[in-house]
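Residue 395 in numbering that gives the first Met the number 0 sits at position 396 of the sequence shown, and the numbers go up by one each step.
It should be emphasised that the hints constitute simulated quantities derived from the structure, not laboratory data. Fair warning: there could be bad hints in the mix.
As the list claims (entries may be wrong) - Quick list of the computed label-pair ranges, beta carbon to beta carbon:
1) R407 x D47: 44 to 50 Å
2) S98 x T342: 42 to 48 Å
3) P121 x S264: 28 to 34 Å
4) H249 x G74: 30 to 36 Å
5) Q373 x A176: 55 to 61 Å
6) A245 x R192: 21 to 27 Å
7) D190 x E99: 22 to 28 Å
8) Q194 x A260: 37 to 43 Å
9) S51 x R367: 40 to 46 Å
Quick reminder that beta carbons are idealized off the backbone N, C-alpha and C, glycines included.
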Amino acid sequence: MPEFERGSGERPALSRLVGADTARVFGATYWSRQPFLAAAVSNASFDDLFSSAAVDELVRERGIRTPFMRMAVEGSVLSPSTYTAPGGFGAEVADQVNSEKVLAEFAAGATIVLQGLHRTWPPLIDFTRRLVDDLGHPAQVNAYVTPASSRGFDPHYDVHDVFVLQISGEKHWRIHAPVHPHPLRDQPWSDYREQVAAQAAGEPVIDTVLRPGDVLYLPRGWIHSAEALGGTSVHLTIGVAAYTQADIAHSLLTVIADTPALRESLPLGVDFGDTEQLLPIVAEVLAGLQGALQIPDARAAAVRQASAVGADLSHRLSGASRPEPVSPLATVDFIGTLNEASTVRWRGSLRAAITTGPESVRIALAGRSVVLPQEAQPAVEMLHAGQAVAVGELPGLDPASAIVVVRRLLREGIVVPA
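Taking the hints into account, I'd like the entire structure generated from these sequences.
What follows is the structure in structure tokens.
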């Protein structure tokens with residue numbers, strides 16, 4: 000069993016980053032509130048997830064292209080032409096990473112940034128998927144490979160939370176309090192460049208050296224900069240695009256869109272530069288919003304609104320993260336030999352809403368739905384609960400019907416061979 004699957008917490012991937020004991024209180028104490036620093040314990044490392052050898056393999060053998068890699072010197076991003084070239088006969092694309100060019104730039108002090116590793120490096124594909132399950136927010140992974148005594152980027156803040164995992168080497172981090180707390184995605188640090196620079200010139204909240212196995216968590220908005228020490232430093236940055244209360248407000252627009260008055264056009268010839276002319280219009284819209292979001296049965300309204308918000312955010316999370324990959328060839332072979340003894344399970348991290356009508360059960364996925372006969376409901380619910388089960392043991396179906404249902408679920412990528 001992979002190391003990150005061990006532990007006593009309910010969130011095994013998060014537990015690996017912050018410790019099983021901390022994982023139990025992480026949400027209430029640290030999440031989005033304050034930085035967290037976890038020193039490596041008992042020679043722990045993340046070598047199974049990533050390594051210096053993995054960097055060389057990606058650059059040398061995997062044929063990666065921009066934007067999956069970029070390079071920077073002292074915070075300035077290099078032109079892709081300085082480290083890419085056509086791949087030669089049979090691979091004439093012009094933006095493949097060229098290992099010789101990367102060597103030249105890296106030896107001269109450039110930082111390598113490998114982006115989207117949650118889509119290109121198998122151990123991180125699986126780990127990131129499990130971490131998204133733990134956090135309930137989308138996540139992505141970049142690697143920063145910094146030559147000795149080089150600084151990658153100027154002091155800045157991110158518009159997403161980050162977990163920094165030190166893979167190899169050492170890196171000196173300086174952390175300062177936010178100048179713009181909880182920034183949204185359209186509120187980058189460059190909008191507050193002077194304030195960020197002034198804050199970074201003061202005494203840091205955290206001044207520490209990360210060593211292999213150490214983890215640093217930073218909520219969005221916290222200012223940071225880092226410098227490699229001694230030799231080459233490799234660290235992973237797991238960026239978490241946390242949903243916010245602003246997202247809840249945006250989702251509530253799906254509720255008020257059904258209010259006819261709020262869909263009416265604004266007056267003909269309205270002058271948007273005339274505040275006095277806009278005041279009564281704004282007041283009317285605010286009254287309409289209040290009416291749309293408050294009806295006599297407050298409990299029923301809250302339930303409907305929460306349901307609409309939940310459906311919208313679930314759809315967005317499904318679109319922003321990916322479930323467990325499927326194996327097309329192995330799945331087709333498995334379908335060809337499917338029988339009562341075959342064992343299947345729900346596809347890992349596949350989010351779905353299951354609803355039952357008088358004649359059917361519907362499995363709603365991101366962008367599509369699968370409809371099965373109503374008698375398949377107990378079987379679908381058992382599979383959705385996550386346990387592996389033999390086809391012949393699915394409730395509510397005779398063996399022949401169970402094979403038909405499972406064959407459909409396999410082809411739709413809803414269940415996978417166990």
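### Violated hints - listed by number, lowest first
1, 3, 7
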